[in-house]
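So the protein sequences, as listed, match chains F and D.
For the first sequence, the UniProt record's numbering assigns the number 1 to the initial residue and increments by one for each residue that follows.
For the second sequence, the UniProt record's numbering assigns the number 1 to the initial residue and increments by one for each residue that follows.
It cannot be assumed that every hint is accurate.
Think about it this way: if two alpha-carbon atoms lie no more than 30 Å apart in a straight line, the pair counts; the simulated BS3-like pairs of lysine-lysine are [stated by the list, open to error]:
#1 F/K264 / F/K346
#2 F/K264 / D/K400
#3 F/K431 / D/K300
#4 D/K120 / D/K300
#5 D/K56 / D/K120
#6 F/K358 / D/K400
#7 F/K358 / D/K300
Source of the hints: derived by calculation from the structure; they are not laboratory data.
Keep in mind it's a predicted model, so treat the numbers as computed, not measured.
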Amino acid sequence: MVQEHTARFVADKQIPAAPPPRSESGAIAWLRTNLFSGVFNTILTLLGLYVIYLVMAGITPWLFLDSVWNASSLSNCREIDDGACLAVINERWLQFFFGFYPDHLRWRPSLTFALLFVSLYPVLFSSAPRKLLILSAAYPLIAYWLIWGGSIWGPVLVAAALGIGFLIVQYGSRALANVMDEGVAFLTSVGLAIIAAVLWWLFLVVPLDDLLTSIVNIGLEPVESARIGGFLLSLILGFTGIAGSLPIGICLALGRQSNLLIIKAFCTGFIEFIRGVPLITLLFVASVLLSYFLPPDTEFDLILRVIIMVTAFASAYMAEVIRGGLAALPRGQYEAADALGLDYWKSMRLIILPQALKISIPGIVNTFIGLFKDTTLVSIIGLLDPVGILNPIRADQNWNGIVWELYGFVALFYFIFCFSMSRYSMYLERKLETGHR
Amino acid sequence: MSVSADRPEEGFRFSQLIYDTRYRSYTIQIFALIVIMLAFAWLLNNAVVNLERLGKTFEFGFLWETASYDINQRLIDYDSTSTHGRAALVGILNTLLVAVLGCITATVVGVIAGVLRLSKNWLIARLMTVYIESFRNVPVLIWILIVVAAINETLPPPAAYRGEDGMSGYLWESVFLTNRGFYIPIPVFGEGSTVVVVGFLISCVAIWFFSRWARKRQDATGQILPVFRINLALFFLPALLLYFIAGMPITLEDPVLRGFNFQGGIFMRDSLIGLWLALSIYTGAFVAEIVRAGILSVSKGQTEAAFALGLRPNRTMNLVILPQALRVIVPPLISQYLNLTKNSSLAIAVGYMDATGTLGGITLNQTGREMETMLLLMSFYLVVSLSISAVMNAYNERVKLRER
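Generate coordinates for the entire structure from the input sequences, incorporating the hints supplied.
Structure representation (structure tokens):
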């Protein structure tokens, strides 16, 4: 139905647009809406400004205007100016980075650190050339060899066990398939490979190492664990813990979700126990108790013991995070995997875990950050991580009584690492977002 | 795996242990059980052999031996002639003290920071972001050390309060902040104070009963009583009345500077204060994020719907927003409490004698009984954690969305 309009007035020219009122746009409007909308907000803003002023007035002259970079001792610092005595950082930064690592060998941890980024690159960014992944796989052994030094044959022989295991599975299953069923042959050969690898590690690595070293001595000057410290130590602990806890955490999470009663009970017990006690007690166990549970006269490096404990600790937390991801996945995904006729491992590998891990990325990264921060606790059992290294510095006659500069420096280091990790996780979340919104 | 019907029924074959999924799970489990038991047996055997070689036994008798060390922060009587068991108890109480104090302040700090981070005020929101990010990304151990150092470096020594021209304390000269710790007044329960305490407890019970009755009445009749105001009155008035009737039996004893140190009052060591503050603001940053996520999880439509029904803002908050937000907030909040309790074991770094410092520290070093002390220490933390998570599960069960 058409309705007729009878207009009394029709505009026949356009009225030019008037500028918006000054108070509705631009800087002033922004200030009004965001900072001074109402009495309460104005009070809050003024309070905030006052706090900023206090902090700035405290820090700026101290850290930037009056700071001293070159001095030989704290009293010398105070004579020059009354600001921050950053000379201590200037003098000791090598110790902060490497602990008491021998001076002439510092290129080795530096190289390890550089290689770390090269080997992390293909893991973190999918645009990287895939061949670099070979380096990533070999990185742990390279890093171990570079940092601790010693004969190259030890790490190589440890790695060789993996090759031997692979060969046994490859050829053993084929050979055994003639006498028994194919699946049984495969399982048996996997079992044999594991047994062979364990036997290899327990009995053959040491004599073979000695033998090969006596024939061809390729090696680096060995460095004792006690000399490794500073950021180097916290990075070693953090990265091995991270690399180790993810796969173990996945296994524990799957175990806890599994139908197999005994395995489920074991995984649950492990997770609850580890999560129930503070890390510091586990570190005490590593430092005073672990040797009781090993065969008599076993020499076991303290850093290695700590790495084991830290990894176990992070794994339990990781397992809970991943279990959350597994539980958050719609049931239909599990049913679809079963409907496709996939067996347990295939359905996990191809369908369940990729989605569950994606869901749990924020939690996983949070666990990583927590683990990295928790590496500071090793200072309590006497390792010289960045916090532990503060004590020898402050015990030094020259720097006795210095506080804020050192704590600030260490805090800044952790902040940079943890903050970039959390930003990376946000990037990853955005990248993997497949848009179920 | 289905068995086709026309297949002849066969007896059990050995290969079924691997191929038949029904039996395979048993095979795997029994195999796993054997491996796990072997591993445990190996570890225990090693422990027995090692202990024997060192001539050590496994017994808890040392708990009744005299601990000849001092603990400077304690809630119950203790001196160096007390037993190791009592020292452990003092430590456990110290752990619980700092955990409870920390949880309360962390919640307060976290809720305020979380709400302010969502504020429309740009500056305040940014400031809170800076606070949260800087505390979350730096290890708690460093914060503890920094806060304790701040107390030691910036506050005056007790001697600064001495004499006529010395500094004066805070709050009518009854609170003294020094670089050794804080001195605060202690309540002294004089004669007749039991009446006040009992009266107060009775009014607490009355509040509980009254709230229940009021809710039932509202369900039955629809009438709403001013429960909060009545409860507030019940909380304060009877106790205050009794206090004055009994002749003010509860007094505060102020700390007084005598000689080199303060006498009387409660002494909170620098390590306790530092640990408490550091744990609170560190955990507070995590709580803030939890609170923010909880508030954001309640969709705006809920508020609008409540307003459309004619509910006033405070009722909307209490009846619509909070119940839904709390369902999201409380479980992670409780695990933050758990984290705080476990982090309190870092007390050992600043010399606060908590359970780790007494049982896992000095007692361990003095008696050399690593196995027993660590076992006790871990069981203590396990009991605490398991009870906290039991509370959490009970809560989860209560507020769970009932669906399908």
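Checked hints:
no. : hint            : result
1   : F/K264 / F/K346 : holds (20 Å)
2   : F/K264 / D/K400 : holds (25 Å)
3   : F/K431 / D/K300 : holds (28 Å)
4   : D/K120 / D/K300 : holds (15 Å)
5   : D/K56 / D/K120  : violated (65 Å)
6   : F/K358 / D/K400 : holds (25 Å)
7   : F/K358 / D/K300 : holds (28 Å)
Figure legend: structure checked against the earlier numbered hints; the only hint not met is number 5.
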